[in-house]
Amino acid sequence: MKPWSWWMTRCARTMDPRPLAWLRIALPLCVIADLIRVVQLGLVDTVFRSFSDGGLSRVQDPHLLILEWFGASAGGIALVVTMVSMALVSLGIWMRPAIIVGVLAYAQLGHLYPPGDRAIDRLLRTALLILLFSHAHKALSVKRFPVMRIPAWPADLIRFFLMLVYLSAGIAKLIQQPGWLSTVATPPLMRILTDPMAGTLEPTFWSAHPEWFRMGGFATIFIELSSPLLLTRYGHVWAIFGLLMHLGIVSTMSLGMFGWGMLAFYPLLLSPFFLSRRGE
Amino acid sequence: MIRMTGVFRAICILAAHVVLLLLGTPGLDFLPPRYLESERAQQAMESKYGVVRTQLAVAAADLNRLRLPFEKTVGRIQPIFRIAQSWHLYRDGPHQIHKLEIRVDGVIVYRTLDPQRAWLEPILRNRRIRPVVESIAGKPKAVNRKGLGRFIVAQARDDFPKIRQVEIISLYGPPPGERLRPHHRMVAQAPDWTIEDRKP
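Heads up: the sequence lines are chains A and B, in that order.
Start counting the first sequence at 1; every next residue gets the next number (this note's numbering).
Start counting the second sequence at 1001; every next residue gets the next number (this note's numbering).
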């Protein structure tokens, strides 16, 4: 088959709507849970206000608009708008407008408090913007739709995006820290997981067992560099290893939403184990 | 008509893949724009790493410079949604152990990862606050130190009435971190509670 015909066929593929619906439900729930935690800890006025209004961060991004519009209460307003929009996306109600409004408000929270808006926030916003063009609301939604199949390309694009994320991470590790492949140097993974600031492993005990981290480092590099498998029929097999890596991160580091946000993608990646591949 | 719609869709989807690829090209997105551009920089690398590795690095840097005009045009939409990607996902951990310690009237009430001194632990380890804590523990002039200091002092005055002094101390030392010593600190005292940088 010629490449363009192959691409046309691939773009016309359809799929069971449930994997994208799982993603539509899980990603906003991660954002909501993260923001609820901010509210629960009483941090709204600390993180979502500028320094001059009594907040923590002296630095705001130039694309911050809401501070001019709403003054010191801008952060609270953006937080409520984000949470309501994410709830609507999760329920499948007005999904497309809710994604646009929710992602813009969520981005404004990031512009208002850049130190706390991390890679995972950017990743979730990007995935939500891809879902904007999908029919993810046509399953597991408050509104009933007839059983149908939906275009598969948004799921493919999300897999491609995740492949870029993992591959970038693997290449960046190797270029900037050759110790990842060393059999003698202190394993970088040990420094990461025993760093008291983010890791939870006790440095004194674990520094006596570098071999575990060395093996873990090799496995990490292998998983990240093999992520192009996500684009093949073996993508769901690769996802088992990716899942284990993220479960390892969740259990050894306190990174908050990062672990859960990444794990939220895995029902989609693992969906071939649960659903038939009919028509794909 | 159906055929035309299919072609248009295929072109748009291809464009979406190309945009994602160019904006987050693996391994290139973290290279500085002028990386290995000069003869001198290339020669310096060649003397250290050899011809083959240098040529590969130069090729990557040149490829990145071809990508940058695209990032400067199409990529300008990214800040609106705050989606610019730079995926490093922990390239390395710190070579020194850093911890933050908080003392209220000389009594240690918090030290990073110390279950016996865990005042404010859920807040200081929350993912939104932790990057600021990490930055303050590592850098004496961290840009948000006064903001975090003000927050900690306010919390201390709420939780420990009648206190006279709050100290926020950055500890550091070699791994595994059994012998940490103060690197820099901030102090606030009653009655004005102004936060001042102090040497250890």
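It should be emphasised that the hints constitute simulated quantities derived from the structure, not laboratory data.
All values derive from a computational prediction rather than experimental measurement.
One should not assume that every hint holds.
Among chain B residues calculated to face chain A with C-beta under 8 angstroms, some are [unchecked claim]:
id: 1; residue: F1008
id: 2; residue: R1009
id: 3; residue: L1036
id: 4; residue: G1173
id: 5; residue: P1175
id: 6; residue: G1177
id: 7; residue: E1178
id: 8; residue: P1182
Simulated coverage check for chain B against chain A, where a stretch passes if three residues somewhere in it have a Cβ under 8 angstroms from a Cβ of chain A [to be verified]:
id: 9; region: 1042-1051
id: 10; region: 1127-1135
id: 11; region: 1156-1163
id: 12; region: 1184-1195
Every residue gets a Cβ at the ideal spot worked out from N, C-alpha and C, and that includes glycine.
In rising order, the numbers of the hints this structure does not comply with: 1, 3, 4, 8, 9, 11, 12
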